[in-house]
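*Asks:* If you want the building blocks of each chain, they are given just below.
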Amino acid sequence: MTSVAQSQSPVRRRSWGETAGRWAKIASRELSTVAITIFGLLLITFFIARVIPIDPVLAVVGDNARPETYEAARIELGLDKPLWQQFAVYVGKVFTGDLGRSVLTSNTVVDDIKRVFPATLELATLGTLIGCVLGIPLGVLAAVYQGRWPDQVARVIGLFGYSIPVFWLGLMGLLLFYAKLGWVGGPGRAGVAFQDLITPITGILVIDAAIEGDWEAFRDAWSHLILPSAVLGILSVAYISRMTRSFMITELQQQYVIAARVKGLSEFRVVWRHAMHNAFVPLVTVIAVSYMHLLEGSVLTETIFAWPGLGRYLTHSLLNADMNAVLGGTLVIGAVFIAVNLLSDILGRLVDPRTR
Amino acid sequence: MTTWTDYLLTDSPESRRQAKLGQIYRKWLAFPRNPLAMVGLGIIVALLLVAAFAPLIATADPLAQNLDRRLLPPSGANFFGTDSLGRDIFSRIVYGTRVTLVIVLLVVVTVGPIGLLIGAASGYLGGWVDRLLMRMTDVFLAFPRLVLALAFVAALGPGLENAVIAIAITAWPPYARVARAETLIIRQQDYIAAIRLQGASQWRIVWKHVVPMCLPSLIVRTTLDMAGIILIAAGLGFLGLGAQPPIPEWGAMISAGREQIFDQWWVATFPGLAICVVALGFNLLGDGLRDVMDAR
Amino acid sequence: MRHVAKLMVASAFAALMTTTAQTGVSFAQTPKDTVVMAKQIDDIISLDPAEAFEFSGVEVVTNLYDKLMGVDLAKNNELVPELAQSWSVTPDNLTYTFKLRPGVKFHSGNPLTAADVVYSFQRAVTLNKSPGFILAQFGFTKDNVLEKVKAPDDGTVVITVSKPFAPTFFLNCLTSGVASIVDTKLVKANEKDGDFGNGWLKQNSAGSGAYKVRAYRPNEQYALDANESWYKGAPKNKRIVVRHVAEPASQRLLLEKGDIDIARNLSKDQLAAVKTNKDVEIVQGDKGYILYLGLNTKNPNFAKPEVREALKYLVDYASIERNIVEGTYKAHQSFLPKGFLGAIDDKPYTFDPAKAKELLAKAGLPNGFNVTMDVRSVSPITDIAQAIQANWAQAGIKLELLPGDGKQTLTKYRARTHDIYIGQWGPDYLDPHTNAETFAINENNGEDAKSKTLAWRNAWDIPEMTKTTQSNVLETDAAKRAAVYGTLQREHQKVSPFVIMFQQVEVSADRKGVKGWVIGPSSDTNFYAPISKN
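Residue numbers (the working numbering), protein chains in the order written: chain A, 53 to 408; chain B, 64 to 359; chain C, 4 to 537.
Fair warning: there could be bad hints in the mix.
In silico contact screen, one side only, chain A against chain C (beta carbon under 7 Å); selected entries [what the hints assert, rightly or not]: (1) Val113; (2) Gly114; (3) Thr121; (4) Asn372.
Calculated from the structure, these hints are not laboratory results. None of the values given here were measured: they were computed from a predicted structure. Note that CB positions come from ideal geometry on N, CA and C, so glycine has one too.
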């Protein structure tokens, strides 16, 4: 989780002409890159999934099944065919949008992911928001007071974010805010009394409750959402504040800032209107990257908070050798990673001064 | 001693290596001026000392159970209380430093060379080797790191060694990226061209000249990564896929205390604090090193 | 600037805190006619009675469907006719005739007839999912089931079994979930590609039982609505909501805050804590699950009977019970759980390291040996394993614990590549044969064996005991049958590679005011209908 800062894809800087052909070439190259990466993703997950020393048939028939039942299930899962054939069949199906059926939930994996993904999205979105609300001012503060104590404090806070095990933070949060103080709701997405009261429209519980105008349900959903999101938010505060600081330091050294100061603009205006304006675009990339890492951070957070999201779906499936579910879940997270990387690449190109 | 400092601080270095080492040494001299980094260094030194003298520091055998003394709150006899099997949590944390160090060292020892070699080869050789290797790192980077480690441990079976292998498998790509970037700069330089003209083999150039020059930035990268490694290892331990019981691994200790969290808070709290402190130590140190090492 | 920055940070914090504080959570009481439970339900694979075979799945099924036969919990699990009004068997013990209770209707309003019984049996036998063998062991196959199970008229079912089995054995098997009667019309309407409606029934219900499925979301929760026209009378509540809460600690908190009425998976420490809470009451019932160690006799050390016996003296049963599992398990050392026909309560073994060392010395291992144990990383298994690890060290046995997830350790166990397996065995149906079969029958100890019983998994070759156990299932005199099981268990205790340690006690913690909740001896007998709240 602390790899947040490191695995961001380098923003490539290239100069190019205005010709459409050039763009097409880049687009096709990016596309083939994406295709190869996804294929690699599938290949690795598939083979990991198949060498895991867990018998996938067990998940279907349980421990006490008779041999005939066992054998029938094995054939139904296609496990009697050679590995490469299984892989070919799987890839073929993925292209038609069929991720197979989960043996644990007996739903199609696509349906399952549709159900669990909004929960994770909800968590990661609010987490990122919290990260921005706290992280950006902190980063600006650090940049403005570069080298002085506010900078040091901001740095320590940031490094703390990189040093706290998220599952422990979650436990401590539950202990303090739920068990002792009773400020927030406990594990799970909603109180028992509110389960199933809200028709899923977006799948995001707080929004659905708001749409229906059921404010009691909204408060309930919010009280369950705030703690896990805050835990994730603290992770992203670290990354966002540090990146903000470095962008702002660059901007504050620019000629136009000096010029603005000379002109006698208020420091507030200089920092927040001018410098921030220019640091904004790279910051968007950073936020996107942070967002996608929160999707990953959700794996452990969801375990702690019994949050029915993608992270928990994935770990649960993995530990039960529910291969279709594991492959589907990994594919979705992988695809989001690739998409965000691509996005930050494109953004990087767009804001490259040489292309303006 | 003087000869060494002379060698390092000379104004007229005789080789590139001496120049580079001299540079690093000067930066090292600047290091103590960074108080946060010194705090980090202090924590790491303390960690090493605790690990080395664990038997002297611990007040009890970390494995000794006493079922009649389970879940006792912190007291003079058990500084951090006892766990669900009546073991002394303080002593387990003290011995846990060894486990943490072993994990971190093993990962670094595996990942460093692999990442360095792949990155250096990729950057230096270029062409299809570069494309192939970089595509591989792309694929690995497209995975969330924890999920990938989780999958590998599930495939290899739980246990300390397997956790190390899994973390290593997920940790190498950024190292390779860093090494490649450095290499791309180094290979442009004249002296490499000179060596090439002298007829040195490509592997020799990579191994003897490129790799050593990449080392400093990789060391910084490694220090910064240590905290991440500790956290992932703890995460695996927490999910029951790391060290085997009764090894006092901190993540597993938190996991064991999870059930008692609302009543016996100390069981999960102290190992978590230990992880925080150590991870913070590595982060502070790495951060300071980065400031010193690269101007950026 | 300085002020602005401060203000920004401060207001951000303030915003966060106030929103949290404002939500200050109104802990709503659960609705009056709805019973809310917290339970670990992530083991459910299917709600189809022909497929469900996990603890939680079976419990749901038994509340959705009715069966021909049932057991009376109040009368020591005596067999009673349910959908069958009466039954009779021919003197050769081969042909059973059941007269159906008239006027029973499914949830859909369709009448329940003998044709539904035939279809349900045909369905279970043809699908042959995990619990299918419970019926198939009486000689039904998908080809002959329609000849063996017949409906001469709407109110009569005639079933022919392949061997003169003890009638109690057959009838006990009819009380298990796989023998549930499904609504033929409704199931057929939801059939897809000849799947007997299996795909649909995984998440829906088509029964006549006390409840019907309102909503089921795997790993999250299920909600059941009461069937007001149930033939036994309307349930005492209108709805049951069972929510998946993995953590016992969380279950306890929800219970104490009044968010739920019943917590199903509290562990020893939580139980001790809620005992002092005057708003909470504890209900318990003996379960058939047995906690044991399986010693693989492929390991040359475990091939020696002395070593096996030594290990039985090397577990500190009393201390583990008192300190780790109190209230959730109790000491039990024979393969038939308390409450089953023929179960014995002998506990010949206590913690005795000196005796164990003596036995080890006799086996030529005076200094102990090294060995591994596969351990599921769940409470309380991990703690028990670690306690055993410490016990064994006293006799020089160095035990290495290999943690793993449930499915992982099980895969290894089934492949016989373990040294020691620590785990639970739950009876498949309410007849002693279910446990006797797995613990004391091993027809073929080769790798190609068809029947992979626990005895097989531990490579324990027992031709004599296999014969005795197999013939006992044909013993029609219940007293004689019980006596043979008694002898078998005593022999088994002495020589087997199983260190049987505990029997589970299922405990449920209820809010005061919850009445009528009785925990049965198996998941098949956890009935929701009598639960009421005031």
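*Asks:* For each hint, tell me whether it holds in the structure or not.
*Replies:* Evaluation of the provided hints:
About 5 Å separates the beta-carbon of valine 113(A) from the nearest beta-carbon of chain C, less than 7 Å, and the hint is met. Checking glycine 114(A) against chain C by beta carbon gives a least distance of about 5 Å; that is within 7 Å, so the hint holds. A least Cβ separation of about 5 Å between threonine 121(A) and chain C falls short of the 7 Å threshold, and the interface hint therefore holds. A cut of 7 Å between beta carbons decides the hint on asparagine 372(A): the least distance to chain C is about 5 Å, and the hint holds.
Taken one by one, the earlier hints all hold for this structure without exception.
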